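Once you've looked at the hints, dock chains P, D, Z, R, W, U and L against the given chain F.
Number of protein chains: 8
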Amino acid sequence: MSPSNTPLVGLVMGSDSDWPVMKAAAQALEEFGISFEVDVVSAHRMPEEMISYGKQAHQRGLRVIIAGAGGAAHLPGMLAAVTPLPVIGVPVPLKHFDGMDSLLSIVQMPAGVPVATVSVAGARNAGLLAVRTLAAGSDEHAGLLRDKLVDFQTELASAAHAKGE
Amino acid sequence: MSPSNTPLVGLVMGSDSDWPVMKAAAQALEEFGISFEVDVVSAHRMPEEMISYGKQAHQRGLRVIIAGAGGAAHLPGMLAAVTPLPVIGVPVPLKHFDGMDSLLSIVQMPAGVPVATVSVAGARNAGLLAVRTLAAGSDEHAGLLRDKLVDFQTELASAAHAKGE
Amino acid sequence: MSPSNTPLVGLVMGSDSDWPVMKAAAQALEEFGISFEVDVVSAHRMPEEMISYGKQAHQRGLRVIIAGAGGAAHLPGMLAAVTPLPVIGVPVPLKHFDGMDSLLSIVQMPAGVPVATVSVAGARNAGLLAVRTLAAGSDEHAGLLRDKLVDFQTELASAAHAKGE
Amino acid sequence: MSPSNTPLVGLVMGSDSDWPVMKAAAQALEEFGISFEVDVVSAHRMPEEMISYGKQAHQRGLRVIIAGAGGAAHLPGMLAAVTPLPVIGVPVPLKHFDGMDSLLSIVQMPAGVPVATVSVAGARNAGLLAVRTLAAGSDEHAGLLRDKLVDFQTELASAAHAKGE
Amino acid sequence: MSPSNTPLVGLVMGSDSDWPVMKAAAQALEEFGISFEVDVVSAHRMPEEMISYGKQAHQRGLRVIIAGAGGAAHLPGMLAAVTPLPVIGVPVPLKHFDGMDSLLSIVQMPAGVPVATVSVAGARNAGLLAVRTLAAGSDEHAGLLRDKLVDFQTELASAAHAKGE
Amino acid sequence: MSPSNTPLVGLVMGSDSDWPVMKAAAQALEEFGISFEVDVVSAHRMPEEMISYGKQAHQRGLRVIIAGAGGAAHLPGMLAAVTPLPVIGVPVPLKHFDGMDSLLSIVQMPAGVPVATVSVAGARNAGLLAVRTLAAGSDEHAGLLRDKLVDFQTELASAAHAKGE
Amino acid sequence: MSPSNTPLVGLVMGSDSDWPVMKAAAQALEEFGISFEVDVVSAHRMPEEMISYGKQAHQRGLRVIIAGAGGAAHLPGMLAAVTPLPVIGVPVPLKHFDGMDSLLSIVQMPAGVPVATVSVAGARNAGLLAVRTLAAGSDEHAGLLRDKLVDFQTELASAAHAKGE
Amino acid sequence: MSPSNTPLVGLVMGSDSDWPVMKAAAQALEEFGISFEVDVVSAHRMPEEMISYGKQAHQRGLRVIIAGAGGAAHLPGMLAAVTPLPVIGVPVPLKHFDGMDSLLSIVQMPAGVPVATVSVAGARNAGLLAVRTLAAGSDEHAGLLRDKLVDFQTELASAAHAKGE
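Protein chains in written order, with the working numbering: chain F, 4 to 168; chain P, 4 to 168; chain D, 4 to 168; chain Z, 4 to 168; chain R, 4 to 168; chain W, 4 to 168; chain U, 4 to 168; chain L, 4 to 168.
For the record, the hints were derived by calculation from the structure and aren't laboratory data.
Do not take every clue at face value.
Said to hold, decoys possible - Simulated pairs of lysine-lysine, DSS-like, Cα-Cα distance not exceeding 27 Å: (1) L/Lys58 / R/Lys166; (2) P/Lys98 / W/Lys98; (3) P/Lys26 / P/Lys166; (4) P/Lys166 / F/Lys58; (5) L/Lys26 / R/Lys166; (6) W/Lys58 / Z/Lys98; (7) U/Lys58 / P/Lys166; (8) U/Lys58 / W/Lys98; (9) P/Lys166 / U/Lys26; (10) D/Lys98 / F/Lys26; (11) W/Lys58 / U/Lys166; (12) W/Lys58 / W/Lys26; (13) D/Lys166 / R/Lys98; (14) F/Lys166 / P/Lys58; (15) P/Lys58 / Z/Lys98; (16) W/Lys166 / W/Lys151; (17) R/Lys151 / R/Lys26; (18) D/Lys26 / D/Lys98; (19) L/Lys98 / D/Lys98.
Stated by the list, open to error - Ranges between beta-carbon positions, derived for each pair: (20) F/Glu143 / Z/Ala162: 41 to 47 Å; (21) R/Arg63 / D/Val153: 28 to 34 Å; (22) D/Ala162 / R/Arg63: 20 to 26 Å; (23) L/Gln30 / W/Glu33: 52 to 58 Å; (24) F/Lys58 / D/Ser20: 41 to 47 Å; (25) D/Ala162 / L/Ala162: 55 to 61 Å; (26) D/Glu34 / W/His144: 51 to 57 Å; (27) D/Ser20 / L/Ala162: 21 to 27 Å; (28) F/His164 / L/Gln30: 53 to 59 Å; (29) D/Gly64 / P/Glu143: 55 to 61 Å; (30) Z/Ser161 / D/Gln62: 17 to 23 Å; (31) P/Gln30 / F/Asp19: 40 to 46 Å.
Every value quoted in this text rests on a predicted model; they were computed, and no experiment measured them.
Ideal Cβ positions, reconstructed from N, Cα and C, are used throughout, including at glycine.
Next comes chain F alone, as it looks inside the complex:
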C-alpha cells in the first residue's frame, strides 16, 4: 500500500483483508489527484493506536477520514468519536449476513457522533464523497475539484449514454 505525500485523506481499515474492497477508494482519490495515506488501524486489536490516530488526524493535516470495517464494525464510529473531521464509513461484507451487520454497526450511530456511511462495499463512493467534501471548501483547490466533479458527472452521463446505443 503506497501512501501519497502530504496526505489530505486518511484511508484506514480494520484488517488488511479489507483492502480488496477498500482499494477502490484509493483509486477514486487518485483519479482526482487527492493525496492520501493508507493504514491498517484496528479498533479491536490496537484500540489505543486507533484512538491516537483519530485524535491526531486533524493535527497532522488530514481533512477527511475514510474507514472500512466489517461485522461488528466499530472503527468508523470510534474514529468519529475522537476526531472533529468528517469520517466516511464503508461497510465491508464478511462471510455471513452480506454486510448487513457491517452496515448497521456503522450507520446506526448515536446522536452527537456522525459517520457518513456509504453502501456495502461502496469504497469507490467513499473516495468520491471525500472528494466532494474537499470540494465543499472555499479555497482555490476546492473550486478546481468542484469543476472536476461537474466534468466527472458529465462523463458518467456520456458513458451511460453510450451503453444504450
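Same frame as chain F, but now just chains P, D, Z, R, W, U and L:
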C-alpha cells in the same frame, strides 16, 4: 420554516411531514451558527424543481445539502446525481418497516454517486456532519468550526460523565 | 439491443449490466408480438435525459414503460413521477442483499406515484404485465391480446400438467 | 360498500377487515370518475367463488382487478392465475411482520403469472395504477384519463411546492 | 416419479423443478412403507386442476397431503382451503431470499386454514410428519407405525452417539 | 386452565404468559368437541419434566401435542425429539422481533425431528390442525370429524361471503 | 445508581437512558449477593475514559464486565478489546429496528475479541451469566455460588410447575 | 477428535458436520493450554444423553461448556437449562439463512437461563471466551491465564500493526 440568510447548507425533505424528524438537523446547524435554508423538494411530486434545485445549489453558494426522505427515498440520491456538493441523506422512518426501506433506498447508491447516509431518523447527526464537512475546509471559518467541534466533543464527554455520578 | 419499430413499450434499465436480467421482458413482449424499444436510461448518471425520456414517453406513442434497476433503484419511481403511463418496475438483484434493497426502493413509493412492481429479477413477468396492460384496452388489438393471454394460460396449464405425468 | 354501475375495476379483498386499508383505492378511482365494484373474495375461505370471480372478470367487462390481502396473501396471485386482466396487488399489513409477509407473498410470483404489486398498505397507489392502466388504452376515454393524470401530477407538484413556502 | 399403489399420502409440488428438494419426502415415506402418489399440481398454472385435486383428495382415500412450493408459494395454502386433510407445506428455496419468501407465504396462513409448515427445504421432515400423522390414528396400522417411529428415534440417537466416539 | 377428561390433545406452553395467545387453540378444540389437557411445560425451567411429559404422552393416550413458545422457542422441538406423536408448534411473539425469532427457532428443525409449525400467534390454526390430524385417522370418530371439517369450511365460505354483501 | 463495596462485577452502559433495561442485571447480581459497581461509560462520548475503564478493570479487582448499549453498540466490543476479563454484552433496543442493530453490533465481533452476548434487553440473563462465570472458579465462593445456582434452577422449575396447576 | 486429559471445558456440538466450524474453539483452547473434551451431543437426536451430559458436567469437573448448533439450535439453551456452568453458544450457519436462525435460536433465551452467544461461526471466540472465563477465577491458574490474555492482546496489536506497514 424560517431559512437563515446567505445559507451554506440546504436542508430539504420530500414532504413537510418529515419536518418533525428533520428539524433536529436545523437545530444542530443553529448551535454551530451555520446559515441554512429549509425547503420541501419532492423527487416524486416535483421532479423538475428537484433537478433544478440540485443543479443550482453550488452556484447559489450552498456548500452542503442535507436531504431527508422516507420509503422509496429517492431525494438524496437524485440530488447527489445533479450536484457536485456532498449530500447527506437522512432515512425518515414511515409507518412500516421502521425505516429499513428508507435506509436501503438512500445508502445503496451505485458507484459514482455517493450519499453520506446517517442513521434512521438521525437528523441531528446529519446537521453535525454538515458542520464537520464545513470544518474540513482550509479557511478561517473552517478552523473556528473545527475548534468548536473539539469543544463540543469535550462537552459530550462531560455531560456523559456527569450522568454516571 | 434491437428495438422494434413503432414501439408501444419502452424497456429501460439503469445500466447495460442489467440486460441479462431484463432481456426476459423483451422475450415475453416478442412472444406476444408487441413492438418495443430498449434503452439504457440511468436515473443517477443521466438524470436529465431520464426526465426527458419519461416526460416524452406518452407523446412518442409509448403506452407502457418497463424499468429495471438495482440497489437504490430510483429509475422506475422517477419515471413514474414524470409520465402518466403505467410504469412496471423490475428489482434487479446486485451483489449484496439479494435484491431486497432493489425491491424496497422500487415498491415502497409514496402515495400519488405508483410503480407496478414485479418479483426480484422477474423481468419475464414485467413483459407479461405489459401485455396484460395493453390487453386491458377497448380496441381490437386489446381484444386479440386478451384472447392470446387466455390461450397462453391454457398452455401454461398443459405444460405444467405434462410435467406431472 | 357501494359499488358503482357498469364497473371497469374490480376491487376485492380477502376480508372486510382489509377495508380500512383498501378504501383509499376506491377513493382514488372516484377522484378519476372510474366506475368500480367492491367485494370480499377470500382465496382461503371461498376458493371456488374466488376462481369464478377471476375467470368471469373480463367477461363481465372488468378491465383491471385490484386485490388486497395480508399474511400468506394468496388472493392477488390466484386471481392473476385465472384472468387475463392486469391484477394489482396491495400488501395489507397484519399484526406481525409489518406487511413483509404480505409483500413477499404477493410480489414473488413465478414466471408466467404477474401481479403488479404496490407498497405495503399502498391502496391509493393501487387505485392510481388502475387509472394509469385504463389511461394506457387507445380510445377517447383513455386519452381523457391521460390528460387528467398529467393535470393530477401538476397538482401534486403545486401542493408539494406550497408546503415548502 | 414412481407413485405407489393405493396411496395414503399425496405428494405434490408446484413445478418439477421442486423435485430435487421434494424427493426426500418420498424417501422418508418409503422407509416407513407408506404408499403415496407424486404429482405436479401448480396453483398458478393449473388452478382448477389444483382445486379439483384438493377437493377430491380425501374422497380418493388420501389421508395426508404434502405440498412443496417456492416464492409466492400458494400451493399448500390453497390445497388446505379445499380439503379437510392435514396439509404439510415445504418451503422450497428459489434463487433469491433463500426461501424466506417461500416460508412466509406458506406459514402465515389466516385463522381457519392451517398449513403444517416444516423448515426451508425440509422435505424429509415433511415425510416424517406425514408418518407421525398416520401414526396418530387409532387403528392397528397406526400402532405399528408408532412403534416404528419409537425405533426410528432410538436409531437416530445411536447414530448420533456413534459419531461422537 | 381447565383440562377436559380423557384428553386426546396435549396443549402445552413454556409459560403461563403464553396463555392469552394459546387459548385460541383450546377454543378451536372445544368447537370440535376434542378432549384436551392444558399444561405449563417449560423446556428451559423444567427440562426433565418436559422430557417426561414428551416421553409419556403417547402412552397416556394423547394423540397430538400442541406446543407454544416464544423467543429461543425450544419446547416444540424438544417434545418432538422424545415423542412419536405429531407436534404442532405455535411461535408466540415476545416483546422484540415480532415473533421472527420464535418462528425460526420452531420451524428450522433438523432432518429427523419434524415440528408442524403454524403462523406467529396462530394458535387457532394449531387447534384446527390438531382436529385435521385426528380426522385423518381411519376410525368412526375420524370420519365424523372429517365431515365436521367439511361443514366448517362451508361455514367459513358463507361467513366470508356474507361480509361482501 | 448505588454501587456496592469492593465490586467483582462492573456494570456499565453507554447512556443513563439504558438504565431501565440494565437494572435487571443489577437485581440479579444482588439476588446472588455479588458486589458490583454501576457506571455510565460511553464509547462514543467519552472514548478515552472508556479505554481507561477497560484497561484498569482487572487491576481494580473486577472479574466480569457487563456492558449494555444500543444502535451501533460499540461499548461491549471496545471494552473487550482492552481487558482480559470476560465481557457480557446486552443489546439495548432503541427506537428503531427493535434491537437488531444493537444485537449485530455486539455479537458479530472479529476473531480474537469475544463478547458474551445475551438476548435483546436480556439484562437479567447478563447478571446471571456473570454469576455463572464467578461460580466457574475454583475457590470456596465459587463453590457456594454454584450451589446457589443449582438451587435457583430448582426454584425456577418449581415456580414454572406451580403455574401449570 | 482428540480430547485432552482432565478436561476443564466441554466442547460439544449437535452433529459432527459442525466440526469444521467448531474446531477453531479447540485450537484456541490448545493455544492457552486448557484441557478439554470434545463430544457430539444432540439435543434432538439424543435428548436424554444431552440432559445427562449437562447435569453431570460440573460434577465431572468441567467449568465451562462450549456448544455449537445450527438451525433451530437448541443445544446451548438446553444445556444451560440443566447446568450451573456458563454455557457459550456458537451459531453454526447451515445451508439457508446464513446462520440468522441459529443466532436467534441461541441468543434469544428467556430470563433465567443465559447463554453466552458469540458471532455466527465464531468458534475461535468461543474458545477465547472460555479462556477469559477460566481467567476470571481467583486461583493461581486464573492469574497465569489472565497474564497470557494480556500478552495475547499485545500480540494481536503487534500483528495488526505489522500488516499496516
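Checked hints:
1. L/Lys58 / R/Lys166: holds (21 Å)
2. P/Lys98 / W/Lys98: The given pair, whose Cα atoms are some 19 Å apart, holds under the 27 Å limit.
3. P/Lys26 / P/Lys166: holds (26 Å)
4. P/Lys166 / F/Lys58: The given pair, whose Cα atoms are some 24 Å apart, holds under the 27 Å limit.
5. L/Lys26 / R/Lys166: holds (15 Å)
6. W/Lys58 / Z/Lys98: violated (35 Å)
7. U/Lys58 / P/Lys166: holds (21 Å)
8. U/Lys58 / W/Lys98: At roughly 35 Å apart (the allowed maximum being 27 Å), W/Lys98 and U/Lys58 break the hint.
9. P/Lys166 / U/Lys26: The hint holds at about 15 Å.
10. D/Lys98 / F/Lys26: holds (18 Å)
11. W/Lys58 / U/Lys166: Between W/Lys58 and U/Lys166 the Cα gap is close to 21 Å, so the pair holds against 27 Å.
12. W/Lys58 / W/Lys26: The given pair, whose Cα atoms are some 24 Å apart, holds under the 27 Å limit.
13. D/Lys166 / R/Lys98: Cα-Cα ~21 Å, so holds.
14. F/Lys166 / P/Lys58: holds (24 Å)
15. P/Lys58 / Z/Lys98: violated (44 Å)
16. W/Lys166 / W/Lys151: Holds - the C-alpha atoms of W/Lys151 and W/Lys166 are around 23 Å apart, at most 27 Å.
17. R/Lys151 / R/Lys26: holds (21 Å)
18. D/Lys26 / D/Lys98: Between D/Lys26 and D/Lys98 the Cα gap is close to 19 Å, so the pair holds against 27 Å.
19. L/Lys98 / D/Lys98: Cα-Cα ~19 Å, so holds.
20. F/Glu143 / Z/Ala162: 41 to 47 Å: holds (43 Å)
21. R/Arg63 / D/Val153: 28 to 34 Å: Holds: the Cβ-Cβ distance is about 30 Å, inside 28 to 34 Å.
22. D/Ala162 / R/Arg63: 20 to 26 Å: Between D/Ala162 and R/Arg63, where Cβ atoms are some 25 Å apart, the hint holds.
23. L/Gln30 / W/Glu33: 52 to 58 Å: With Cβ atoms ~57 Å apart, the hint holds.
24. F/Lys58 / D/Ser20: 41 to 47 Å: holds (43 Å)
25. D/Ala162 / L/Ala162: 55 to 61 Å: holds (60 Å)
26. D/Glu34 / W/His144: 51 to 57 Å: holds (54 Å)
27. D/Ser20 / L/Ala162: 21 to 27 Å: Distance hint for D/Ser20, L/Ala162 is violated at roughly 39 Å.
28. F/His164 / L/Gln30: 53 to 59 Å: Holds - the Cβ-Cβ distance for F/His164 and L/Gln30, about 55 Å, lies within 53 to 59 Å.
29. D/Gly64 / P/Glu143: 55 to 61 Å: The hinted range 55 to 61 Å holds for D/Gly64 and P/Glu143, with Cβ atoms some 59 Å apart.
30. Z/Ser161 / D/Gln62: 17 to 23 Å: This hint holds: roughly 22 Å between Cβ atoms.
31. P/Gln30 / F/Asp19: 40 to 46 Å: holds (41 Å)
Violated hints, listed in ascending order, are 6, 8, 15 and 27; each of the other numbered hints is respected by the structure.
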